[in-house]
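Please build the complex by placing chain Y on the supplied structure of chain C, with the hints as guidance.
Those sequence lines, one after another, are chains C and Y. Numbering-wise, the first sequence is residues 298 to 593 according to the numbering used here. Numbering-wise, the second sequence is residues 404 to 651 according to the numbering used here.
A hint or two may mislead.
Label-pair ranges, simulated between beta-carbon atoms [claimed, not checked]:
1) Thr-474(C) to Asp-520(Y): 23 to 33 Å
2) Asp-458(Y) to Lys-315(C): 50 to 60 Å
3) Asp-520(Y) to Lys-315(C): 54 to 64 Å
4) Glu-431(Y) to Leu-381(C): 23 to 33 Å
To give an idea of the interface, some chain Y residues facing chain C are shown, with a C-beta separation under 10 Å as derived from the structure [claimed, not checked]:
5) Arg-455
6) Met-456
7) Leu-471
Source of the hints: derived by calculation from the structure; they are not laboratory data. Just so it is clear, CB atoms sit at the ideal spot from N, CA and C, and this is done for glycine as well.
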Amino acid sequence: MQYKKRIAIDQIAKIIFKSTGYLVLALLGGIFFMLLYNAVAFFLEVSPLDFISGSQWNPTAAEPVYGILPLIVSTSIVSFGAMLIAVPLGVGTAAFISEYASPKLKTILKPAIEMLAAIPSVVIGFLGIVLVGPGIADLNNLPNGLNALNGAILLAIMALPTIITISEDAIHAVPQTYREASYGLGASRWQTLRKITIPAAAPGIIAAVMLGLGRAIGETMTVLMATGNAAIFPKGFFDSVKTITATIAIEMGEVPYQTTHYYALFAIAIVLFFMTLVANLIGEYFINRFRKYHAA
Amino acid sequence: MKSKLVAEQLNLWFGSKQVLKNINIEFEENKVTALIGPSGCGKSTLLRSFNRMHDLYPEARIEGHIKLDGREIYQKDIEVTDLRKRIGMVFQKANPFPKSIYENISYGLKINNLIADKATVQKALEEAYIWEEVKDDLKKPATRLSGGQQQRLCIARAVALRPEIILMDEPCSALDPVSTLKIEELIHHLKKKYTIVIVTHNMQQAQRVADKTVFMYLGEIIEQGDTHQIFNNPQHETTRNYISGHFG
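If we strip away everything but chain C, and leave its shape as in the complex, we get:
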């Protein structure tokens, strides 16, 4: 009897966990099909080629144009700019915490960095408007600082906690035997960190960067507040940009239901979805490439 009962409990547990697993899959699939369904309605009216390659986004004009290229470029500039700032800063901080900081400093630094993640994005956006933006404008003699650089700096701040925390875990997890082997050959601390510890932690660091990039690409409120949202084709970091996320957030509230413009927003959401997907796939590829060198 006892035995049968245990088998039954095992079965029930299996069913519960299986269904939660499938529920997550169903959510992902559901969201994707919702986007796809509405996007198809859009592509029945506008050709996908014009949509992707068009250099102007102006859905409210008398002759509406749905060119998404400026939006993609905007999102890319801001996100990659953010990574350019956040990756060296984040990995450097992670290496410092893991390899150099005293235990006491570590107990202060780690919670402080996690607190940084708790700051709401709207507050970061506020920081961009009152502090970073005017600063950029002053330094470069611009009329205002609401541009891609401003967004990139703010997104870097927002991506930092993720990059630092996960990179630090990865660096910390590198077996001490690697470090000892390196020191045993006469390597200095810096040589060991650069040539042994960081490469060994690379899969984790790349995962950290990709998560940070995912956050930067998907972040809405901060870029909406800080980048000016001008519907122009951005040429550099000092231009105002209108990202994919900001476009959806701004226009979704005003667009008439089930118009071409309405469907267009779903179509650009799909593009955003693919961008984050590609970022993740690239991350996976590198993770596997480095993992090959680790013992099974």
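Just chain Y, lined up with the frame of chain C:
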């Protein structure tokens, strides 16, 4: 015989726990010396004090003298990186870097500004009796090798720097008998060029490879001498009990 490495009145603490007590020992050039003793007797700790591995751990505190060719190694003007180039180390668990076989050898050469060409790498691998097994796979990850091959690669990595002394911390404890035999043959061959200090808890291994044997117990050296004498005519009661398998 010339003493290559000497420890005098060496004491070592981890925090408040004294791990090495008044160690006095000399290692002769081009000889193999085995450090034996039960687990926790301090033999690995003693070994690691010779290349200043304890520098990495702030809780370790050392008093006394260790001299390499008559020069104090714990003095401020000694460059620890240079010291570790002269005193190579092979660890208990084979720890090749997560890099290719070739890079595992070339890394040590590069960081020490030595020539890291293919011929140098090949020579090191040949000396560690592993060249024939890996010569077609130099670009493959070192972690794909078997345990015994990995350990010989680690020996090659140490040998590549032409050290004067090689410290081996139970190099065969994780290996099968065949791999162990290969490493022991390698040790015989290496002692022509290098002074070797090997920690082992395998007493048969000590008798097979070592010229001199040092028996340690509870952080102290109980007895040291020719291997043959230690195992056949030990002077101390504790040594006799240990080598006859009464404890440890």
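Of the hints stated earlier, which fail here? 4, 7
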